[in-house]
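> If you read the protein sequences in the order shown, they are chains X and U.
Position one of the first sequence corresponds to residue 0 (numbering that gives the first Met the number 0), numbered consecutively onward.
Position one of the second sequence corresponds to residue 0 (numbering that gives the first Met the number 0), numbered consecutively onward.
Heads up, some of the hints might be wrong.
Every beta carbon over 12 Å from chain U, so not counted as near; a handful from chain X, in silico [to be verified]:
hint	residue
1	A7
2	V14
3	D21
4	Y47
5	F53
6	P55
7	G64
8	K65
9	P67
10	I75
11	F79
12	V81
Estimated spans, in silico, between C-beta atoms of each pair [stated by the list, open to error]:
hint	chain 1	residue 1	chain 2	residue 2	range
13	X	L72	U	E222	24 to 32 Å
14	X	T83	U	K300	21 to 29 Å
15	U	S6	X	Y17	23 to 31 Å
16	U	D212	X	K63	26 to 34 Å
17	X	K25	U	S103	38 to 46 Å
18	X	L72	U	T206	20 to 28 Å
19	U	L17	X	V14	20 to 28 Å
Simulated from the structure, these hints should not be mistaken for laboratory data.
Every value quoted in this text rests on a predicted model; they were computed, and no experiment measured them.
Ideal placement from N, C-alpha and C gives every residue a C-beta, glycine not left out.
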Amino acid sequence: MSSLEAIAAALFLLVILYFIYDYYLKKKREESTKYVTRELLMCLNCNYRVEQDFEPGDFIGLVKGKCPNCGGLMKIKAIFSVETST
Amino acid sequence: MFSADASLLIQIVWLILLLLMFTGLYQRIQIKLWILVIKSKLNVIKSVLEEDKNRVKNMLRNMGLSTPEELVSRLLDFFIIEPVSIEPTDIIKRMDHLLRVTESTFKQVVGRYLPSLGKHERSLAESSLSIVAAIGLIYRVLRHYAIQSEKEENYILLMQLMYLMPQILRVVKTYHEALDSFMYGKPIGDGVGPLVAYTLSEKCNITSRRVVDDTSVLEAVYENRRLIIVKAEGPGSNVGHPGAVISRIVEELGGRVDMILTVDAALKLEGEESGLVTEGVGAAIGDPGPEKIAIERVAAKYNIPLRALVVKMDIREALTTMRKKIYDSVGVVVENIERIIKENVPEGSTLIVAGIGNTMGIPG
Numbered sequence: 000m001s002s003l004e005a006i007a008a009a010l011f012l013l014v015i016l017y018f019i020y021d022y023y024l025k026k027k028r029e030e031s032t033k034y035v036t037r038e039l040l041m042c043l044n045c046n047y048r049v050e051q052d053f054e055p056g057d058f059i060g061l062v063k064g065k066c067p068n069c070g071g072l073m074k075i076k077a078i079f080s081v082e083t084s085t
Numbered sequence: 000m001f002s003a004d005a006s007l008l009i010q011i012v013w014l015i016l017l018l019l020m021f022t023g024l025y026q027r028i029q030i031k032l033w034i035l036v037i038k039s040k041l042n043v044i045k046s047v048l049e050e051d052k053n054r055v056k057n058m059l060r061n062m063g064l065s066t067p068e069e070l071v072s073r074l075l076d077f078f079i080i081e082p083v084s085i086e087p088t089d090i091i092k093r094m095d096h097l098l099r100v101t102e103s104t105f106k107q108v109v110g111r112y113l114p115s116l117g118k119h120e121r122s123l124a125e126s127s128l129s130i131v132a133a134i135g136l137i138y139r140v141l142r143h144y145a146i147q148s149e150k151e152e153n154y155i156l157l158m159q160l161m162y163l164m165p166q167i168l169r170v171v172k173t174y175h176e177a178l179d180s181f182m183y184g185k186p187i188g189d190g191v192g193p194l195v196a197y198t199l200s201e202k203c204n205i206t207s208r209r210v211v212d213d214t215s216v217l218e219a220v221y222e223n224r225r226l227i228i229v230k231a232e233g234p235g236s237n238v239g240h241p242g243a244v245i246s247r248i249v250e251e252l253g254g255r256v257d258m259i260l261t262v263d264a265a266l267k268l269e270g271e272e273s274g275l276v277t278e279g280v281g282a283a284i285g286d287p288g289p290e291k292i293a294i295e296r297v298a299a300k301y302n303i304p305l306r307a308l309v310v311k312m313d314i315r316e317a318l319t320t321m322r323k324k325i326y327d328s329v330g331v332v333v334e335n336i337e338r339i340i341k342e343n344v345p346e347g348s349t350l351i352v353a354g355i356g357n358t359m360g361i362p363g
């Protein structure tokens with residue numbers, strides 16, 4: 000095999016390796032973006048805020064639980080999803 | 000010796016390549032390869048469809064329906080025949096009629112199977128079934144074109160399918176992800192309009208509330224101005240009929256409205272930032288036509304300025320649980336509304352602010 004052919008074969012191999020690496024990176028990026036739903040509760044009395052995991056049946060504006068700070072009623076102010084890396 | 004063998008091998012490879020090129024065989028090989036790829040992607044969509052069907056069936060079982068298979072199969076192939084468009088007279092009226100009949104039929108069918116369920120829970124079941132039906136439709140249409148193009152060895156059709164597949168798969172994955180939000184009633188990105196309306200109503204002194212056509216109408220006083228807030232009735236999965244309701248309100252007031260401001264989620268262009276708030280003119284509403292034209296017609300009839308605010312997001316962000324950055328934009332939109340009101344609507348005037356979109360997880 001001439002040196003030119005060896006270079007061509009090496010280049011071909013490099014291109015193949017690059018595509019495999021690129022595919023792997025893309026797959027990993029897609030898999031790593033996961034989201035978790037959180038809800039923000041705010042005390043109607045002292046504006047104390049708590050962030051916790053969403054529970055089925057909850058919606059914005061729902062009065063839920065008591066404030067650990069003053070004992071007042073807590074209301075769901077927001078429900079949103081945040082990125083979590085796996 | 001080794002070099003001579005290699006040279007012979009290269010010559011044979013070239014000869015094969017030339018033969019493939021001049022006989023058109025390479026195209027046949029290409030077709031076979033594309034068919035393989037398309038079929039593998041179709042199998043991915045099929046497995047997503049089956050998984051989502053099972054999830055919805057389990058959801059319906061938990062809601063008290065012992066045999067959900069019948070309801071799922073009945074609504075999975077549900078279709079709407081588009082109105083005749085070669086005769087455009089009254090097309091909006093006919094389309095509106097068909098859309099309303101579809102909506103009521105869906106509600107009636109689900110209601111018949113789940114009579115003891117509340118309005119909120121039933122709307123979640125309806126939306127979840129709609130999502131599975133949408134994935135089912137995508138699967139059936141793709142399978143049709145894949146089989147047809149394979150049968151006819153249609154190179155162009157296969158190529159289109161092949162290159163459209165990543166985009167279609169993204170849409171299917173988005174629907175698949177969205178199902179989680181709809182099953183549990185979490186607010187979605189498209190709900191940014193209703194959330195703005197709700198936030199605005201919390202800041203004002205509400206004087207009256209009524210529900211018209213699945214749409215909430217709240218009247219408030221905002222810095223000596225009469226503010227009418229329109230949004231879909233929540234917290235169920237509902238988009239309401241904001242166009243028809245705005246048109247009705249303006250007619251009731253004899254056209255004495257000084258501004259109509261619509262707030263909606265808008266699909267961003269690639270490269271644009273998600274959660275970006277932009278201002279414009281027109282009716283910001285993404286319905287098939289009847290609701291948007293109702294707003295435009297009434298605004299044009301009484302010469303009412305039509306202003307719009309949109310929050311940019313991609314399709315995945317619009318259909319899945321509201322991202323934090325979209326939620327953060329709500330405050331910015333409310334500030335913009337207050338600025339627009341102060342700049343353009345004099346004290347003592349009347350204005351309508353409509354939050355357009357699905358109000359799931361957002362009350363009012």
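> Are L17 of chain U and V14 of chain X spaced within 20 to 28 Å by their CB atoms?
holds, 23 Å
> P67 of chain X: least C-beta distance to chain U exceeds 12 Å?
holds, 23 Å
> Range first: 26 to 34 Å. Now tell me if the beta carbons of D212 of chain U and K63 of chain X are that far apart.
About 30 Å separates the Cβ atoms of D212 of chain U and K63 of chain X, which means 26 to 34 Å holds.
> Is it correct that the beta-carbon of F53 of chain X has no partner in chain U closer than or equal to 12 Å?
violated, 6 Å
> Against the range 23 to 31 Å, how does the distance between the Cβ atoms of S6 of chain U and Y17 of chain X compare: consistent or not?
Since the Cβ atoms of S6 of chain U and Y17 of chain X sit about 28 Å apart, the hinted range of 23 to 31 Å holds.
> Is V14 of chain X truly not at the interface, in the sense that its beta carbon sits beyond 12 Å from all beta carbons of chain U?
holds, 17 Å
> With 12 Å as the threshold, tell me whether G64 of chain X passes as away from chain U on beta-carbon distances.
holds, 17 Å
> Regarding the assertion that V81 of chain X does not contact chain U, is the least Cβ-Cβ distance greater than 12 Å?
violated, 5 Å
> Verify that the Cβ of D21 of chain X lies farther than 12 Å from every Cβ atom of chain U, and report whether the claim holds or is violated.
holds, 15 Å
> Against chain U, does F79 of chain X keep a CB gap of more than 12 Å to every residue?
violated, 4 Å
> Taking the CB of L72 of chain X and the CB of E222 of chain U, does the distance hold inside 24 to 32 Å?
Holds, at about 29 Å.
> Grab the minimum beta-carbon distance between Y47 of chain X and chain U and tell me whether it stays above 12 Å.
Fine: 18 Å to the nearest Cβ keeps Y47 of chain X off the interface.
The structure shown violates the earlier hints numbered 1, 5, 6, 10, 11, 12, 14.
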